[in-house]
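Undergrad: This is what each chain is made of:
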Amino acid sequence: MMAIRIPGTKYAVKVEKRLIVRREIPAIVSIASAIAGILLGGLIFIAVGISPIDVYSRIGRIAISPTALMGAIEIALPIMFTSMALVLPFRMAFYNIGGEGQFEVGAIAAMIPVIFYWSGMDLPQFLYLPIMFMLAFIAGGFWGLLPAFLRAKWRVNEILVTLMLNTISLQLIWWLTTPGGPWNEANPAFKERYLAYLKELGVHLIPGFKGTPVIPEFARLPRIPGTLVNSGILVAIIIAAILYFICTKTLLGYEVRVVGDSERGAMYAGINYLKLVLIVMFISGGLAGLGGFIGITAFLPKLSPEIGVAGYGYAGIIVAWLARLNPIACLLVSFFFGILTKSADLLQQELKISRFIAVGFEGLIFILLVLGDFFVHYKVRLIKVRR
Amino acid sequence: MVELTMINQFLIGALTVGTIYLIATLGEVLAERSGIVNLGLEGLMEVGATVGIIVAIFTENPWLGFLTAFITAAIISVIHAFACITLKLNQFASGLALYIFGLGIGITFRGYARDVMLGPKELMKIPKIRLYPVKIPLLGDLPVIGALFSLNVMAYFAVILSIVFWFILFRTRIGLDIRSVGENPAAADAAGINVFRLRYIAVIIGGGMAGLSGAYLMLAHTPQIMGAPIILGRGWIAIALVIFSFWNPLRALLGAYLFGGLEIAYFWLQGIEIFKGVIPLLKAVPHVSAIILLTIMSIEALRRRIGAPEALGKPYSRE
Amino acid sequence: MLMKEITKRFPGVVALDNVTFEVRRGEIHGLLGENGAGKTTLMNILYGVYRADEGEILINGKRVSIKSPKDAIKLGIGMVPQHFKLVMAHSVVENVILGLKEFGLVLNLKEASRKIRELAERYGFRIDPKAKIWQLSMGERQYVELLKALIRNANILILDEPTTVLTPQETRELFKTLKKMKEEGRSIIFITHKLEEALTVCDRITVLRRGHVIGTVTPQEVTEADLAKMMVGREVLFRIKREHRKVIIETPILKVENLNVLSDKGVLAVKNVSFEVYPGEIFGIAGIAGSGQEELAEAIAGLRKPLRGKIIIEGQDVTEASPKKIFELGVAYIPEDRIGVGILPNLTVWENIVLRHHRYPPMAKNVFLLDFNEIYGFVNRRIKELNVITSSIFAPAKTLSGGNIQRLILARELAENPRRKTKLIIAVYPTRGLDVGATEYVRKVLLRQRDKGIAVLLISEDLEEILMLSDRIAVIHNGEIMGIVSAEEANIEEIGLMMGGVLKKTSQKVKENPKT
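Chains E, Y and C, in that order, are what the protein sequence lines are.
Per this note's numbering, residue 150 is the first one in the first sequence, and the count goes up by one each step.
Per this note's numbering, residue 28 is the first one in the second sequence, and the count goes up by one each step.
Per this note's numbering, residue 1112 is the first one in the third sequence, and the count goes up by one each step.
Please note that the accuracy of each hint is not assured.
To be verified - Below, computed lysine-lysine pairings styled on DSBU-like, alpha-carbon distance capped at 35 Å:
id: 1; chain 1: E; residue 1: Lys163; chain 2: C; residue 2: Lys1178
id: 2; chain 1: C; residue 1: Lys1435; chain 2: E; residue 2: Lys302
id: 3; chain 1: C; residue 1: Lys1221; chain 2: C; residue 2: Lys1241
id: 4; chain 1: E; residue 1: Lys340; chain 2: Y; residue 2: Lys303
id: 5; chain 1: E; residue 1: Lys302; chain 2: C; residue 2: Lys1476
id: 6; chain 1: Y; residue 1: Lys341; chain 2: C; residue 2: Lys1181
id: 7; chain 1: Y; residue 1: Lys155; chain 2: E; residue 2: Lys501
id: 8; chain 1: C; residue 1: Lys1366; chain 2: E; residue 2: Lys302
id: 9; chain 1: C; residue 1: Lys1532; chain 2: E; residue 2: Lys302
id: 10; chain 1: C; residue 1: Lys1241; chain 2: C; residue 2: Lys1185
id: 11; chain 1: C; residue 1: Lys1115; chain 2: E; residue 2: Lys533
id: 12; chain 1: C; residue 1: Lys1115; chain 2: E; residue 2: Lys528
id: 13; chain 1: Y; residue 1: Lys341; chain 2: C; residue 2: Lys1243
id: 14; chain 1: C; residue 1: Lys1243; chain 2: E; residue 2: Lys302
id: 15; chain 1: Y; residue 1: Lys152; chain 2: Y; residue 2: Lys310
id: 16; chain 1: C; residue 1: Lys1185; chain 2: Y; residue 2: Lys341
id: 17; chain 1: C; residue 1: Lys1532; chain 2: C; residue 2: Lys1421
id: 18; chain 1: C; residue 1: Lys1181; chain 2: C; residue 2: Lys1291
id: 19; chain 1: C; residue 1: Lys1212; chain 2: C; residue 2: Lys1290
Hints are computed from structural coordinates only; laboratory data are not their basis.
Extracted from the complex, chain E is given alone in its bound form (with noise of 0.2 Å):
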């Protein structure tokens, strides 16, 4: 196809498009573009005056001692969720850039029994967790319906929408937690209750704080017996199943696939454009609501704009392009991602630089696997050349 000649040598790299991916040719390139992604990032540290060996270093005793690793799990749950979130939409070429934001309402709306129960309003406690679940599904699969119902009926572009989207949400995480909002932990309508138990507990309200009261034990999802694994990890990997099940077995998964190929095609075929992107964006928007209140009710275990600033619907979109929309790999890559984010959040504290390197690095490792996709649809050879 074409075949660039090396000066001076008698050779050439050849190129030529595959027509048929192998398997585990992209599997390949992103394993390998987050190496490279890492090594490269090496040169973020040297211009900011710090050795890249120390960092490596660092991180690998992360990725080996427990308690690091505890906390690489606690920043991987959510991730899991937010990334394969997007296996469904991102397969039929739509473009969910609001996994943050469906994160964000689902954990709003997980937060209202809470609210409840603080304000003197009482359920039966074994109900606590399955509503916020049923809460948390519901109101990130609205908020994922917009977008989805603009892009179907007027072709409004989905990425800007769900982006904008993503922003309302957070200001209305403010609004609920700032001091003197409605939800806030010192609002008058929690005095009772929240200031006995806090005492209790033997602490203090601390004035001005952002956020919620915090999530009562019996309402926190609680670690799986005799590890220190959060048992959030169990719903992971049960979703992960019926994703994959969904992704391959059934009707669903397969309207999908032939929508992301061609829309036209897929109209040409009587499928209901509007009616499957709607379902897909409730489930996809369901799932990073699911997100949301796992990382309130796992770790916080509270609301407060914190969970907004981790970024971990952003994070969900690289690591569902790692993963290659495989909801199975979605899971590991998430933990990959996890110990590089505790990673950065301890460097910030030991090295004193910006968390945000983590997100520079993602950016890195994305823009290197994007570059990748070219060895996926085509082949590189080096070739002897005639004279």
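Given chain E's structure and the hints, the job is docking chains Y and C onto it.
TA: What follows is chains Y and C alone, placed relative to chain E:
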């Protein structure tokens, strides 16, 4: 008279902030007219903000800040151009990657600069390098429209730029070439136009403009040096404004100032009693407006059957 | 101009093998060959789109290197490609001057428009320089391409299958223009696969077959049959001898009443069209590509909402029906755009064949689950029946050849399931771009279906194909039906006049149903 000054102040604010959007939107209009979407605007603006303020502080010259911000963002855009034009890869993915990369390094280096490079002595220089409104004598004193003549130099420059962009795109040979490349690269290629080179130029200049816009935000609007995001979604609104402007640099003026106004309205509205409880929600007003406007424009585009350049988002390959 | 010993290889094929081709000053030189013979490849090498692996090009005896269309233009080579390379959203003048430097950096469009009018006058045609390309007919667009070459002073003009988009009358006009150009000393390379045209207009004819030059002849020394033999490599029967059927006028399968359909650009593409298609007939719609037949077919298939009018299939009003509903009624649709609409290029062969059938039992166990045993069985049966050649049912559909892609589409569209019996086939340009073998196969399949009592709506720009297959022929011009004739009384001259909009036959031989 008090009322009038308030309107004046508001307009000055709207036009000043609108210029952030305008510069970035113009760059994206250029890139998209050539057929390439660059979703990395937000990230490039973060980088531009960082580079612009740091260089301006050390050289004590805002213009060098603008220049280096432009060049840095342009250089980063080469990656995007290479991925989309030479390697013919997915433009959305590449743009998103650029966004996240730019966001990460832009903020990292800004934080690093504040913590390590800049002492109190350097920070003291900020007021000296800022761009201030320049009131044109007489005209600037007119009621209401006086605001149009009380802006900073870059704001005037941006207006001129949009006229220049319009003229180049619609009245010159180069503009015809760029538009043709974005509509039908095969036709342009057959006419002997170097599609690849033109697209590279458009993407690189377009990206550079995003850097310029970020630097302008720092130097003319909010000179805050901290390790946190500062563009806050303005890059994405700029991309939405490209659609709003139907890829026309003159219409971009309208959209940019509209959003400048919406953004600045926040400072005015938060003082009003009834909004006291929902101040953070006021910040979302531009984004809600953007969704509504995008929807209206999309319906309008469908109805009038006008739309994006035909080849937008599609890589060109000869075979 | 001489192209000497040109060889060009593409992955897996040798497109041109040692081809030598010579054109003299002031001649019209025909380049004849089947689809895939290498005509277009050879011309793309001359025009700098591709580069030859071996061989050289000489112009006026001097060796030249043509690396890009730019070089070709400099050397006075101009091309009117088969698929026009025009910017639809721009005006004629903007298209014509694209890439030219002489109208200044700040464009002087007035001057350019004047020059365009002047050129058009000189060669005897009319065109509005301010008109946007999308508003023009295919014939007018071809003149824009011609203007592009002329304004660049092309001395060697390549025309790639120019008559495909023209009526017989327009073709004659074009030939007049070409002769004028020849008299001015320009050389014209005329690519075609139509023997008759080559014999009428060319001074010499070179025949290509599978990348080889078979010979160069003058029209005086050969007959149509000789040329055909050179082109195909064997004796060709000119007419598939077949009985035209007497159409039994009873209940129509498809009835279209006063249909009006908009194009993508919002222009009325189909105007007050009415006709009926009966079981066991092939109803051909003749017309130049772009006369509204694509929109008409899309409307019947449910892909485009009509503006006004009615579409009735077996007595059911389906004007507002979805593609899914129309498919269920037994309509098979073979779309114009094979890749992108007809198939899903990156999905596998099985995914493409089960498409549209996937939601019905037994392919689907319920609304949620697919039954893969059933699907693979179905796919394998369909592949066998239509002889789709593929390495595996798991291969991406885009790896198939053009003919096999069309077979794949037929395999899917003609498949029946317990809920669906094929009753009507809408075939839009079903043999466009296919080689002889595949073309013959597709035509046979259509005839076989007709013999089974299925109604076929055949849309084609190839008049010969329409005449060969159809039992009744409707002619469409600019969105209007100019007349409907039966195959026996069809007269190519008359059809040509109708295609060009000159003649309108109002007396239709179809029984009108007064009730509707």
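Undergrad: If any of the earlier hints don't hold here, list their numbers in rising order.
TA: none
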